[in-house]
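Colleague: Below are the chains, spelled out letter by letter.
2 protein chains.
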Amino acid sequence: MARKNVVKVHFLPNDVTVELESGRTVFEAAHKARIYICSVCGGEGTCGKCKVVLKKGQIDSKPTSLLGHDEIEKNYILACQARVLGNVQIFIPEETRLERSKILVGEESPEMGLLAHTKTDSRHFLIEPLVRKVFLELESPTMDDNVADHERLYNAINKKTNTASDRMQTGYRILKQLPTVLREGDWKVTVTLAYRGSTTEVVEIQQGDTSRNNFGVAIDVGTTTVVAHLVDLATCRTLDSEATYNSQIEFGEDYIQRIIYGEQNNAFGEIHNTIINDINNLISTLVKRNFINLHDITAVVCAGNTAMMHFLLELEPTRIRREPYIPSANFIPPIRASEIGIKINPRGLLYTLPSVGAYVGADITAGATAIRLDQADALSLFIDIGTNGEVVLGNKEWMVCCSASAGPSFEGSGVHNGMRAAKGAIEKINITRDFHVEYKTIGNVPPRGICGSGLLDCIASLLRSGVINKSGNFNTGLRTDRLRKTEDGYEFVLVNRVGAGIDDDIIITQADITHLIRSKAAIYAAISTLLDAMNMSVDTIEHVYLAGGFGNYLDVRSAITIGMLPDMPTSRVKFVGNTCVAGAKLSLLSKEAFLTAQQIASKMTYFDLMGNTKFMEKFMSANFLPHTNLDEFPSVYEELAAHSSL
Amino acid sequence: MARKNVVKVHFLPNDVTVELESGRTVFEAAHKARIYICSVCGGEGTCGKCKVVLKKGQIDSKPTSLLGHDEIEKNYILACQARVLGNVQIFIPEETRLERSKILVGEESPEMGLLAHTKTDSRHFLIEPLVRKVFLELESPTMDDNVADHERLYNAINKKTNTASDRMQTGYRILKQLPTVLREGDWKVTVTLAYRGSTTEVVEIQQGDTSRNNFGVAIDVGTTTVVAHLVDLATCRTLDSEATYNSQIEFGEDYIQRIIYGEQNNAFGEIHNTIINDINNLISTLVKRNFINLHDITAVVCAGNTAMMHFLLELEPTRIRREPYIPSANFIPPIRASEIGIKINPRGLLYTLPSVGAYVGADITAGATAIRLDQADALSLFIDIGTNGEVVLGNKEWMVCCSASAGPSFEGSGVHNGMRAAKGAIEKINITRDFHVEYKTIGNVPPRGICGSGLLDCIASLLRSGVINKSGNFNTGLRTDRLRKTEDGYEFVLVNRVGAGIDDDIIITQADITHLIRSKAAIYAAISTLLDAMNMSVDTIEHVYLAGGFGNYLDVRSAITIGMLPDMPTSRVKFVGNTCVAGAKLSLLSKEAFLTAQQIASKMTYFDLMGNTKFMEKFMSANFLPHTNLDEFPSVYEELAAHSSL
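Protein chains in written order, with our numbering: chain A, 2 to 647; chain B, 2 to 647.
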């Protein structure tokens, strides 16, 4: 047997060399070198994420439309499509290096504290995954016990799970294979039981005990980012997570634009396929990385705003944006994931959390579930900052909510160096009086951009240090070369390219600041409007839960300083992270949580802010730092005064 | 435009001539002549039922395997495949003339008396078809009433039908089309609601009021015959019925033979397809004859013995015939009819009534439902004589049942001139002391054979008139040329070919009589065994319900005379006809009836007669007319004594 040529691949900037057979791909070489390269398509050459630069040597590569002319001129290639024919040198650009998002993962996830096998606390949800695998050992039939196979199975399920026979359903295909599976499995079988409203469906029947192999995926289908968590449904452990920007961005930055695009171009099918593709890529990545069989993924729970849920299910979304703002459905029954093209077990189910209305979606019911607002004795405020800012005020007795177009700036979108909370993102920043910039990045690596929490800190710091004034404008008389004027206006250098993880300075521009102020103003105005509507004051709020994809960390004081949150003791405010995915995950693991989300959605009263003149007035007043009316922010007044006097 | 040639078709024996364009089929010509020809395939040339004889002229016909050599030599052709090219003369043989089976049809059907719109009598079932069409007029949404489309629909359904939202389910496709249908229908829509266990499914949504167009088919899937009733679900009227022999007969006369055939030849798929084909042919015939759109058939309810239900659903049946006799399922959940190839509305449902066990099937639970055994105060005996003879004893408190292999002779099968209860069948017969034969046929036409009720009468008459003795043997010394000896033994001529509607004498043979005696003995022995097991005597039975496809009429006294039924006042015995199709039809029209069948199936206790030595003894003793022990038949003893003395 002829030995294949061995070639060497030298990776930069890592300076690692590996040997492998000629004809293998650069992607495989990187894997061998333990260098992880972005890829969501799993090496199929369709996602275009694994761009690398061929520095020396020769490769064999198919033509691709995923590389631009510029890139091709610069010797960019797709690592997964490039076969190494001789010794080569490959440079992996920063953007291609795989960095795991810093999303809360694992048993320590806060939402996991809400789950229990027995009910010890009213805040606990009973663990009972929406799709369960139950191992059964049936008695084999005799003349004295000659119950039919199907009823024998139901009796065994009933004995083990306490599900009444008339509440179970079995599909025709399962029924057909039942006698064979029972006997070939020697009456030891595992049934996959799925919650389907008032019935439980036997989704699959397998020989032997496969109850350990049951996995689900909880997905936050955000307008800007899509986050997926892989959960072991047998142990309740979160195994892994992955995030990506929502590829629907090509149809518009916000969902209203996407609805308009879809309507004008008859493109709802395309918009739908785009998100399904993103989800399939995320699931595929998670499955491969964790060596899980796709067939063992039996459930997906999705949450997101109402428009996203409509795009996901290809439901008619056009009336969401037109008076009287009618969704096709708020409560969507479980369907087979395969029906909309999600690739998991072909009989696995897709659950979607319910929406409240056109502008308060499943992400909010997920969030309210994750913070257990339905069990709150004290008046609580829940704020979820994504592409929109939704605010819920209430307790276990009542809940009111509203939605403000905050824009995606706190998700890192539309901000010059904004990025989502991933490795290399500045998550914490402080600017001293002498314009020295201290910061911390996720993963403690050179900074590549700023995520939401960093941006909050940044605005607060710029204000405290006097770089910007209360209107958010740069103090142009400043004696520092960090502040500079460009064609597009002023900008402030946070990190010089020398210290940055990218080939450029990391800056914040006047436009960024204006964007961020508008975002925070919308949120503050929404909070004030709800309080006014209920005739309540800020003091009566005992708990504030702040959610969003800010990252792992958020400085509550910064949020108050810039006037996004009302002035209150920071101890009352809790940053709760991505509650959308947390609520989806709780539902995946607990039927009770799923039902709680339904109850919350039914219970919540929606206040419309569109055309609400009070809201508009409040929004205008909030377009300052912290606010035009400093009486509303006494502690910030003091804070800023103290800084000025230093 | 060239006018096509006009040709003449002269039909015999009707002596009717029609003109039509050359190139049309004989079948079309017959239709034009208002002569109805058998056809179950609807003119596709696949059923072979429309055989006619070409007497004169020329036709163009494709070769077919459905005609035998003999037939081709005799100029038989398939009417639907024969294109008329010139003037022709066509003879329509007796067997090809379409005659509607004399099945109870229409509002006067006895089971209809059990239905009511309001509950006035515990015996009444509330009318609520398993699949309903409900017309809804929804309020169009406004800013003050901005409920989502899906919830708006559910609210309207709830208001009209009192179905809770959490008990409803909607398929993904319906959900997708919902917003469009609602608006294009100007908020006036008709929903098709199907009972699916603990939930109600929205199966279809149509613009406007289509609630009048809702039809169902109730089917008795018998081992020997298949009977279908077409029911208007909006008015509860039975519109029409049709019957056919079960084509599975080619795989074996009884279901045990068919199971063995299927097992040995891996032919369960084929056996399944055969019954599906029969059912589709029946439905197609009913639909065409009544000008109904197939899409408006939304439900099919089937009942039959356990093996037939397994064949129907292609469920593994082999264990039915092997110890410990385990069906795949007794209670089969509703499935889409299209899943097993039944052609109705593609989202229409197939319901099957539940079985008790391997040998007491859905036909019996259907029957017990149709006679309302579940409400009986008095001790009742239900006997269903089909290919098997099943016996149920009980009242509203308890029910016991058993099954005896009676054979299909009372269905006209395996008897020389036996036929099912259709036009031309002798349903009533009397043989005088001087061997004069008086009879009555269904439809009052010349006799073509004898159906079950005629056979009962025939045996009783032969006994009374002394043509046969108590052992069932012909009295060979008889002075009549009606009794004659052939190669195969003795036979008695009931109708001479001159008076018959077929080209032969109508006779009863020694073998026929032996067959019929064995059948009646099995039934009597089954009744005795159940009574013994419960330690009860014949006197305690207040009602006897005798069911089966005997026809429209049955002489109870004849049944007692031959010893099929115990000796008792005939007033206690009621002939109830085909209770299998009646129970299926009640279920189609009343969810309550369907649920009652479930309860009956759960409640009934099965006694196994196989290997039961008491039963065998009783069977042997019953192989006489009326019985070896004449003490059990005092009134018959008297009757026969009186006849002898005449």
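Any given hint could turn out to be false.
It does not matter which identical chain is used: a pair holds within one copy or between any two.
[To be verified] With a straight-line Cα cutoff of 25 Å, these simulated SDA-like cross-link-like pairs (lysine to any residue) come out:
hint, residue 1, residue 2
1, 486, 621
2, 177, 315
3, 424, 638
4, 120, 174
5, 289, 615
6, 177, 599
7, 575, 478
8, 52, 13
9, 56, 439
10, 160, 596
11, 289, 138
12, 604, 254
13, 397, 494
14, 592, 168
15, 397, 614
16, 120, 266
17, 177, 16
Since the hints were derived computationally from the structure, they do not count as laboratory data.
Colleague: For each hint, tell me whether it holds in the structure or not.
Modeller: For each hint, the structure was consulted:
Taking the shortest Cα distances, residue 486 and residue 621 never come within 25 Å of each other, neither inside one copy (28 Å) nor across copies (114 Å). In this assembly of identical chains, residue 177 and residue 315 lie within 25 Å of each other by CA distance solely across copies; the values are 7 Å between and 32 Å within a copy. In this assembly of identical chains, the alpha carbons of residue 424 and residue 638 never lie at most 25 Å apart, being 35 Å within a copy and 102 Å across copies at closest. Taking the shortest Cα distances, residue 120 and residue 174 never come within 25 Å of each other, neither inside one copy (37 Å) nor across copies (38 Å).
Taking the shortest Cα distances, residue 289 and residue 615 never come within 25 Å of each other, neither inside one copy (52 Å) nor across copies (67 Å). In this assembly of identical chains, the alpha carbons of residue 177 and residue 599 lie at most 25 Å apart only when taken from different copies (21 Å versus 34 Å within one copy). Neither within a single protomer nor between protomers do residue 575 and residue 478 lie at most 25 Å apart by alpha-carbon distance, with minima of 38 Å and 110 Å respectively. Taking CA atoms no more than 25 Å apart as the test, residue 52 paired with residue 13 passes inside one copy only; the shortest distance there is 13 Å, against 85 Å between copies.
For a Cα distance limit of 25 Å, the shortest separation of residue 56 from residue 439 qualifies neither inside one copy, at 36 Å, nor across copies, at 108 Å. Taking the shortest Cα distances, residue 160 and residue 596 sit within 25 Å of each other both inside one copy (24 Å) and across copies (23 Å). Within a single copy, residue 289 and residue 138 get their C-alpha atoms no closer than 32 Å, and across copies no closer than 51 Å, so neither meets the 25 Å cut-off. In this homomeric assembly, residue 604 and residue 254 never come within 25 Å of each other (Cα to Cα): the closest approach is 31 Å inside a single copy and 63 Å across copies.
With identical chains, the CA atoms of residue 397 and residue 494 are never at most 25 Å apart, being 47 Å at best within one copy and 89 Å at best between copies. Proximity of residue 592 and residue 168 under a CA criterion of 25 Å is satisfied in both settings, with 15 Å inside one chain copy and 16 Å between copies. Neither within a single protomer nor between protomers do residue 397 and residue 614 lie at most 25 Å apart by alpha-carbon distance, with minima of 30 Å and 70 Å respectively. When the C-alpha separation of residue 120 and residue 266 is checked against a cutoff of 25 Å, the pair qualifies neither within a copy, at 52 Å, nor between copies, at 56 Å.
For the identical chains of this complex, residue 177 and residue 16 are neighbours neither inside a copy (58 Å) nor across copies (54 Å), given an alpha-carbon limit of 25 Å.
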